[in-house]
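Each protein sequence line maps, in turn, to chains E, G and D. Here the first sequence is numbered in the numbering used here, starting from 1 and rising by one per residue. Here the second sequence is numbered in the numbering used here, starting from 1 and rising by one per residue. Here the third sequence is numbered in the numbering used here, starting from 1 and rising by one per residue.
Fair warning: there could be bad hints in the mix.
Claimed, not checked - Computed list of lysine-lysine pairs in DSS-like fashion (alpha-carbon distance at most 27 Å, straight line):
#	chain 1	residue 1	chain 2	residue 2
1	D	Lys73	G	Lys165
2	E	Lys28	G	Lys20
3	G	Lys165	G	Lys20
If you are wondering where the hints come from, they were derived from the structure by calculation, not from laboratory data.
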Amino acid sequence: MATATDGVGTVQAEQSKVWEWLTTVDHKKIGTMYGITGFTYFLISGLTALAIRTQLAVPNGNVLSAELYNQFFTMHALMMIFLAIMPMGASFFNYFIPLQIGARDVAFPRLNALSYWVFLSGSLILFSSFFLGGAPDAGWFAYAPLTDAKYSVGSGLDFYCVGLIILGLSSLMASLNFAVTILNMRAPGMTMMRLPVYMWMTLVVSFLLILSLPIVTVALVMLYFDRNFTTNFFTPETGGDPILWQHLFWLFGHPEVYVLILPSMGIVSEVIPVFSRKPLFGYAAIVFAGASIGVLGFGVWAHHMFTTGLGTVPALVFSATTMGIGVPTGVKIFNWLSTMYGGSIRFTTSMYFAVAFIAMFTIGGISGVMHASPAVDSQHQDTYFVVAHIHYVLFGGAIMGIFSGIFYWWPKMTGRFLSEISGKWSFWVMFAGMNLTFFPMHFLGVSGMPRRIYTYDEGFGWDDWNMVATIGSYLIGVSILIFLINVFRTMRQPATAPDNPWDAPTLEWATSSPPPEHDFDVVPEVHSSMPLWTNREMGIVTPEAPEGLHIHLPPSSYMPLILAIGVGLIGVGLLSHLALVGIGVAISTYGVWGWSIEPTD
Amino acid sequence: MSAATHETEHHTSLGVDNRKLLMWIFLASECLFFGSLLSTYLIFKGESLSGPGTDIFAFEITSISTFVLLMSSLSMVLAVYGAQHGQLGLMKLMLLCTILLGLVFLGFQVYEFKTFASEGLTLSTNQFGASFYILTGFHGCHVGVGVLYLSSLLISSVRRNGIGKETPLYIDIGGLYWHFVDIVWIVLFTVVYLIPAY
Amino acid sequence: MADMNAVHDAHDEHPTTTIREYLIIGLVLSVITAVELVMSLYEDELGVVLIPGLLIFSAIKFVIVVAMFMHLKFDSIRFTQIFAFGFVLATCLLIAVVVLFAYDATDAIGGGFIGDPIEHH
Ligand SMILES: [Cu+2]
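Produce the complete structure using the sequences and hints provided.
Rendered as C-alpha cells:
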C-alpha cells in the first residue's frame with residue numbers, strides 16, 4: 001500500500017482502483033454497482049415522493065406547481081420501477097446467481113458488465129430530463145393522447161421513449177445472461193428441482209422480461225415516431241388508436257409487476273426457512289406457483305383497461321384470468337405460513353421484514369383481486385384506492401422483501417453484520433410509516449379522491465387522511481435515515497462475519513464472507529435443494545482446496561464501457577441532433593469489433 | 001464471450017453451448033417483437049382514411065425479393081454445412097453468397113419504399129402506411145444487422161488466425177439468426193402481401 | 001486444409017443432411033412460394049379456401065426452415081421448447097389483441113354485433 005507521503009503512488013493506486021471497477025467483469029462487483037446505483041435512485045425517487053406528499057398535506061397546497069407535480073409523480077414511478085427496484089433486484093441476481101448455483105461467474109461476464117453500463121447510461125438520460133426542459137409528465141404508463149406532441153409540448157416524453165428503450169435493452173441483455181446461467185451452469189448434482197427458490201424466481205423474472213420487453217419496445221418506438229416522424233399511431237383525429245397504446249403497454253406492464261414482486265418472493269422464500277430452522281414447506285408447490293404466475297401473467301393485461309369499453313365477453317375473460325392468478329399467489333402465502341408453523345423462529349431484522357412482507361403483500365394482493373371485478377374496478381379506477389393497492393404490493397411487498405434480503409445477505413457481501421438494534425428501529429418506523437401513509441389512501445379512494453391531481457379543495461372530507469398519509473411518508477423517510485446510519489456505522493467495523501452465520505442451507509454460505517474472486521475453492525456436492533443441511537446430515541464434507549489452487553478467471557475488459565458510451569450517445573443523438581447518432585454508432589461499432597477480437601482467456 | 005472457467009467450457013447442465021442457448025432465447029424474444037409489430041399492422045390494416053391502401057403492392061418485385069431471401073437461407077445452411085464438415089472453402093463462398101443475396105433483398109426494399117413514397121404513401125399518409133413501413137422497415141433493419149454479422153464472420157474467417165476450432169459453432173449461431181429473419185419474412189410475405197385486404 | 005480435422009473434431013454431432021438434400025429442400029420451399037403466388041392471383045375463384053390455404057402453406061415453409069435449416073430436428077429438445085414457447089405466446093397475444101379490436105364494443109354503437117351489450121338495453 002502507498003503511504004501518505006508517497007503522493008504519486010496514492011493517486012496511481014486510486015486510479016487503478018477506479019479503472020478496476022470500470023473494467024470489471026466480476027459478477028460481485030457488477031452486483032455491487034447495481035446495488036449502489038439502484039439505492040441512490042431509490043433515495044432520489046423517495047425525495048420526489050416526499051415532495052408530492054408535502055404538496056398534498058393540506059388542501060390547496062402550493063409547494064409544487066401543477067407542471068412540476070406532474071413531472072414528480074411520473075418520475076417517482078419511473079425511477080422506483082426502472083431505476084430502483086429492478087436494479088436492486090438485478091444487484092442480488094448478479095451477486096447470488098453464481099453463488100447459489102455453484103458457478104464461478106455468470107455465463108457471459110462481459111455482457112453482464114455491458115448490461116450495467118447500458119443501464120447507467122439509460123438511467124442518466126431519463127434522469128437528466130429534469131434539467132433539460134422538463135421530465136416526462138404523463139404518468140408512467142403514458143396514455144395517449146396525453147403523450148402526443150400536441151398535448152405534451154416539451155421533450156419530456158422523448159426522454160421517456162429513448163430512456164426506456166435503452167433501459168429495456170439493458171434488462172434484456174441481463175435477463176438473457178441470467179437465464180442462460182441458471183439453465184446451463186449449475187453445479188454438478190443441482191437439478192432444476194434442487195435450485196434454490198430464489199433462483200427459480202430469478203429464472204421466471206428473466207423470462208418475463210425477455211418475453212415482455214420487446215412488446216413495450218415496439219410501443220415506445222411507435223410513440224417516438226408519432227412525436228418525431230409524423231406517424232399517427234396513437235392520435236385518434238388522424239385514424240390512430242390510443243387504445244392500442246394501452247394494449248401494448250399493459251402487455252408489458254402486467255408482467256412487469258411480477259418482475260418487481262417475484263424477486264422479493266424469492267428472497268422471502270430463502271429467509272423464512274433459515275430463520276424458522278425448517279425446510280421450506282412445499283418446495284415443488286412454490287416453484288410451480290411461481291412458474292404459473294409467470295405464464296398466467298401474460299393473460300391478464302386488459303384488467304387495466306376495463307373502463308375502455310372492452311365489451312362484455314372480454315371483460316369476463318380477463319376478470320376470470322385475473323382472479324385465477326390470485327390462486328398461485330395464495331399458494332405461496334400458505335407455503336410461507338406453513339414453513340413458519342412449528343418452526344423455532346429467530347426474530348432477526350431480516351425475518352421481521354420477511355414476515356411483514358407476507359402481511360403487507362397479502363393486503364395488497366386482496367385489494368388487487370378486488371379489481372378483478374370490472375364493476376369494482378370501474379368504481380376505483382383513477383382513485384387513491386389504486387394508489388393504496390400498488391403501494392401495498394410494491395412498498396409493502398417488493399421493498400420490504402429487498403430490505404429483508406439486504407439484512408440477510410449483508411454479512412455475506414461485506415463480511416459485516418448490520419446492527420440488529422438499529423435494524424429493528426428502522427423496521428418498526430418503516431412499518432408504521434408505510435401503513436400510516438398507504439392505508440388511509442384506501443379511505444381517500446373510496447370517498448372519491450382522484451389520483452394525479454396536484455391539489456384539492458377543502459370540504460371533500462379528504463383533509464385529515466391526507467395529513468396522516470403525509471406524516472406517515474416522513475416516518476418512512478426517517479426509517480431510511482436510520483438504515484443509512486446503520487450502513488455507515490457497520491462499514492467502519494472490521495469484517496468478522498463467519499462463512500455461514502445464519503446456518504443457512506444454500507451454496508452461497510459455503511464460501512467465505514465476502515467470497516473470494518473465484519467464488520468457491522471447491523464447489524460442494526449437491527444432493528438436495530438444501531445442500532448444506534443435507535450434507536451435514538449425511539456427513540458429506542467438502543474437500544479442502546488443493547495446494548496451489550489456480551482458477552482461471554476471465555480478464556477485465558473496457559469494451560463494455562465503450563459500447564455503453566456508444567449506445568448512450570445514440571440515445572442522446574435521438575434527443576438532440578442526429579449527427580450524434582452517427583458518432584454513437586461509430587463508437588458502438590468499434591466496441592463490438594474490439595469485443596469480438598479481444599482474447600477471453 | 002467464452003464461459004467463465006475451463007471446466008464449464010466442456011460441461012454444461014443442459015449439455016448445450018451457452019452461446020447457442022443465448023441465441024435461441026433471444027429468438028424467442030424476437031418473436032414477441034415481430035408479433036407486436038404485426039398486431040399493429042393487422043389492427044390498422046383496413047384503416048386508410050386517405051391515400052393509397054394495400055392495392056399499392058407490386059407483386060412481381062416482392063415475389064422476386066422473397067425468392068432472393070429464401071435462396072439466401074439455402075446458401076446459409078450450406079455455409080453451416082461447410083463449416084461443420086471442414087470444407088472451409090465452401091463455407092466462405094456460401095457466406096459471401098448469403099451476404100450478397102441479403103444486400104439484393106435490401107436493395108429491393110429500398111426500391112419498394114422509394115416507389116411507394118413517390119406514389120404518395122409516406123409515414124404520415126395513413127395508418128396503413130405507418131404500420132407497413134415500421135413493420136417491414138424493422139425487418140429490413142434485421143436483414144441489415146444480419147449482413148453486418150455475417151460479414152464480420154466472413155472477415156474473421158479469412159484472417160490468418162481465423163475463428164479457430166469454434167468456427168462451426170460461430171457459423172451455426174450466425175445461421176440461426178439469419179434463418180430467423182427469413183422465417184419472419186415467410187410470415188410477413190403471406191400475411192402482408194398475399195392475403196388480400198377485406 | 002491442415003486444420004480440417006481440428007474443425008471436424010470440435011463437434012461430433014452434426015445433422016446428417018447432405019448437400020443434395022439441402023438443395024431439394026430449397027427447391028421445395030421455392031415451389032411452395034410459387035404456388036402461394038399463383039393462389040393469390042385467383043383470389044375470387046378460391047373464395048374462402050384462399051386465406052387458410054395461404055396460412056397453411058406459410059406454416060409448412062416455416063416448419064421446414066426451423067426444423068431442417070435451423071437444425072431443431074437434430075438439436076437439443078430444449079431449443080425447440082424455448083423457441084416454441086416464444087412463438088406460441090407471440091401468436092396467442094397477436095390473435096387476442098386483434099380479436100379484442102375486432103369486437104370492440106365502443107366501435108359497434110349504431111352498427112352493432114350480435115351479442116353486443118349495447119343492444120340489450
Ligand atoms: Cu395488472
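_Those earlier numbered hints the structure runs against, lowest number first_ = none
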